[in-house]
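Chemist: Residue numbers (UniProt numbering): 1 to 324.
Just so you know, these hints were derived from the structure itself, not from any lab. Please read all numbers here as calculations on a predicted model, not as lab measurements. Treat the hints with caution; some may be incorrect.
[To be verified] Between beta-carbon pairs, the in silico distance windows are:
hint, residue 1, residue 2, range
1, 117, 235, 42 to 52 angstroms
2, 27, 120, 51 to 61 angstroms
3, 128, 235, 31 to 41 angstroms
4, 34, 175, 42 to 52 angstroms
5, 176, 12, 35 to 45 angstroms
6, 12, 177, 36 to 46 angstroms
7, 185, 223, 12 to 22 angstroms
8, 324, 119, 51 to 61 angstroms
9, 314, 218, 38 to 48 angstroms
10, 147, 286, 27 to 37 angstroms
11, 27, 122, 51 to 61 angstroms
12, 291, 128, 25 to 35 angstroms
13, 313, 185, 37 to 47 angstroms
[Stated by the list, open to error] Straight-line Cα separation of at most 20 angstroms, SDA-like style, residue types lysine to any residue; simulated pairs:
hint, residue 1, residue 2
14, 182, 122
15, 297, 272
16, 182, 217
17, 157, 137
18, 182, 120
19, 198, 185
20, 289, 324
21, 182, 152
22, 15, 47
23, 289, 301
24, 283, 309
We put the beta carbon where it would ideally sit given N, CA and C, even for glycine.
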Amino acid sequence: MKDKSFDMNDDLLVKYLADEASEAEKSTVLQWISEHSDNERYFNHFRMIWEESETVALKGSADENAAWDRFRNKVILKQAPPARIRSLSYWVRIAAVLVLIATAGGIAVSVYLNSRIVRMVRLQSHDSTLSDTLPDGSVITLNRNSRLSYPSRFTGKTRNVSMEGEAFFKVAGDKSHPFIIKINDVTVTVVGTSFNIKSRHQKTEVIVESGIVRVFKNNDRVELKAGEKATTGKNGVLSKGINTSTLYHSYSNREFICHNTPLPELTAAVSDAYNVEILIANKELEGSKISTTLSNKSLEDILTVLSVTFNAEVEREGRRITLK
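Put together the whole structure using the sequences plus the hints.
Modeler: Written out as structure tokens, the structure reads:
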């Protein structure tokens, strides 16, 4: 009986198992397998080794093509012609593949496992804002003196983070994996939206810029749309209202949009964005309002606008600025 176990090109078997073979090549392999029981046995062993290599390597970064070339050069291309040696050559092939798996796969396993370890990333801002992109593509900007903790890789059915202070979120859309923020005793859930969260002095405020946001506190829940806000105070009551401020996240982009905005509200936003303290010493100025848009202006430019608009004197002492 003719031994057909080695009539097949091993490279073609590799292409077949890697799902890279053409339809004609697939037909060739299937026909070869059906021609003889030895062929089928050889293919089953070959496939077993292939699957083992995938399991051990765990889809790591080892160069599979280079490993296969070394395997072919060392073993396959050096087959002895006598039929009696072929059986031995077959097991040499297996041994060679396993050695390659142990070497290349060992490195791949190490790389793979390191990449799968989930560690907590902790961001903390101090005297300036801090922006970062999360593993899911969401972008956050921390205001000064704020913290955010998140995993290096989101796993499971939700994307969970926790924070303190204030942050503006642009959450990447993913309806099947809700984005959940824990801040004090308040939980905020979204799937893809932009909003601001601030928690200072036992008061938490959520203002929605776009999308839908759900806010939970104990057994209470509110759902917010763009232009709405939720607040909790010292009394622990969760309430919903309309947002009237256009300056609530000016710290994140230094854009100040004012529509008949009280001057003290603007100076508070500028103080927050530039880490200064602006005081209004003139009682008449305290009741003044302003309509303007200031985008990407330096602090000096903004102070000049205020000085000219209100005919005010600007006095500076370190980070303290007084309008008189």
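Chemist: Any of the earlier hints contradicted here, and which numbers?
Modeler: none
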